[in-house]
Amino acid sequence: MSNTKNTQVRVRFAPSPTGDLHVGGVRTALFNWLYARSKGGKFLLRIEDTDVKRSTKEAIQVILDGLEWLGIQSDEEIVYQSQRIDRHQDAVKKLLANNSAYRCFCSPEEIRTEREACEKAKVAYAYDRKCDRLSEEEIQSRLDSDQPFTVRLRIPEEVITYNDGVHGDISVAGKEIDDFILLRSNGTPVYMIAVVVDDADMGVTHIIRGDDHVSNTPKQVLLYRALGYDVPDFSHVPLILGTDKKRLSKRHGATSITAYQDMGLSSEAIINYLGLLGWSPGDEREKMSPQELIDAFNTSGINSKSAVFDEKKLLWLNGYYISETDYSDVADQLKVFAEQAIEKGILKSIPSEELTVKAWNLLKNRIHILSDLFVWGRYFFQNPEEYDKKGVKKHFKAEEVPERLNSISDDFAALDVFDFDTIENYLREKAESLDVNAAKLIHPIRLSVSGTTGGPGLFEMLEALGRDVVVSRLRTAAKAIQDETIKTT
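Under this note's numbering, the first residue of the sequence shown carries the number 44, and numbering increases by one thereafter.
Just so you know, these hints were derived from the structure itself, not from any lab. Please read these numbers as outputs of a predicted model, since none were measured by experiment. What you were told as hints is all true, and nothing was included just to trick you.
When the alpha-carbon atoms are kept at most 16 Å apart in a straight line, the in silico EDC-like pairs for lysine to aspartate or glutamate are as follows: (1) Lys387 with Asp415; (2) Lys483 with Glu443; (3) Lys483 with Glu442; (4) Lys522 with Glu429; (5) Lys348 with Asp255; (6) Lys82 with Asp118; (7) Lys289 with Asp353; (8) Lys262 with Glu219; (9) Lys432 with Glu527; (10) Lys348 with Asp254; (11) Lys173 with Asp222; (12) Lys262 with Glu200; (13) Lys173 with Asp221; (14) Lys218 with Glu200; (15) Lys473 with Glu446; (16) Lys85 with Glu119; (17) Lys218 with Glu201; (18) Lys436 with Glu527; (19) Lys473 with Glu443; (20) Lys530 with Asp431; (21) Lys288 with Glu354; (22) Lys355 with Asp415; (23) Lys401 with Asp369; (24) Lys483 with Glu446; (25) Lys355 with Glu329; (26) Lys401 with Glu506; (27) Lys173 with Glu157; (28) Lys483 with Glu472; (29) Lys82 with Glu335; (30) Lys100 with Asp63; (31) Lys522 with Glu443; (32) Lys137 with Asp244; (33) Lys440 with Asp526.
When you get a sec, could you build the whole thing from the sequences and use the hints?
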């Protein structure tokens, strides 16, 4: 992208506050923010809240909170489109004055009848410009009688061409564009005029947005020219698809930033993932910090084909960030997730911080979201009530297992020191004395203590749980095997 008219890059993100802030909108905001930062420019935020029925203060706050959490904040005062209607109306008056627009007195019923006739004839509808042929006297007479009217842009008979930073040169013949409405009969401006006036007043030099706006761009180029504004550079980013190659929606999983924040994802992981979703730095990097993204970002790296949003990959990437995180940085969040785990019946009580720290240090390399600590690692905080079904068939079926578990529990109870080295040395010697592979002891012990067949290293896990807990769980499992009361999951 290049703009010779302005020395400073100025970009904007302009969401409508009608619902959650979804990943598609966040990626648009992110690309604009990265571009501004990479060029030493300004990132601006405009809230397009003119849809009174659907726009809510709550949705505005969700947008602001989500962007703040991600570290994407406006460099200047936030602009609210609803506060600028007078400016939009003034622009329409200017277009009427310079003969770029005209009043249309056709009623909605007339327009609807003409559309239906075109549908029956199977031809595309286009306004026939009957009101553009009215005399000055006829127009004034209708105005004097307070006849309602809309205002339409007069489309010139020329080819409108602009260069798109992603898709290259795009040309559209003027005859393919209808004389679209700028001002409704109630005096309110439509999106098309509002966005152009706002972008011009905000000094926006580069517009990076979804390619669902490609069809709007020729119309907006005409408005920029008719109003005497500099035309900004455009880059239209292909929409995000789900793994089924259909447009991303709720059926593909959580798509709102609030949902991912509530799941305990790292804001840096989301920035990392969305920054590389449909854009490439030109190498094979998959993990990039915000600063690394800024240093490498340019619109030339945006792919012209739609990117696929894969939640599994996002969670996998989030796991990297979790593995590098100290407990102190997530302690408050983990307390919230512990409370939620109790509400869901996963945990019975709030675990001690000492045990939570131990679990975190052992499991942070294995979990993908923070709440996993209390789901996959709940055996750190309470005794297992059920055991993995496949594990039971494989590791509890031998007749000697209960006896071995009881013997090991007795030996553990007699140990003065219960740490990694002591546990490892004991189990190696025990296996040797029984003339069996150490795995014959390790797997039944793991299953007895955790109820699962996987997890962190056994010796460090046992040390973290402590001697008394381990001894109790071994004896409980041995008795359940003997009594044939093992519950599986």
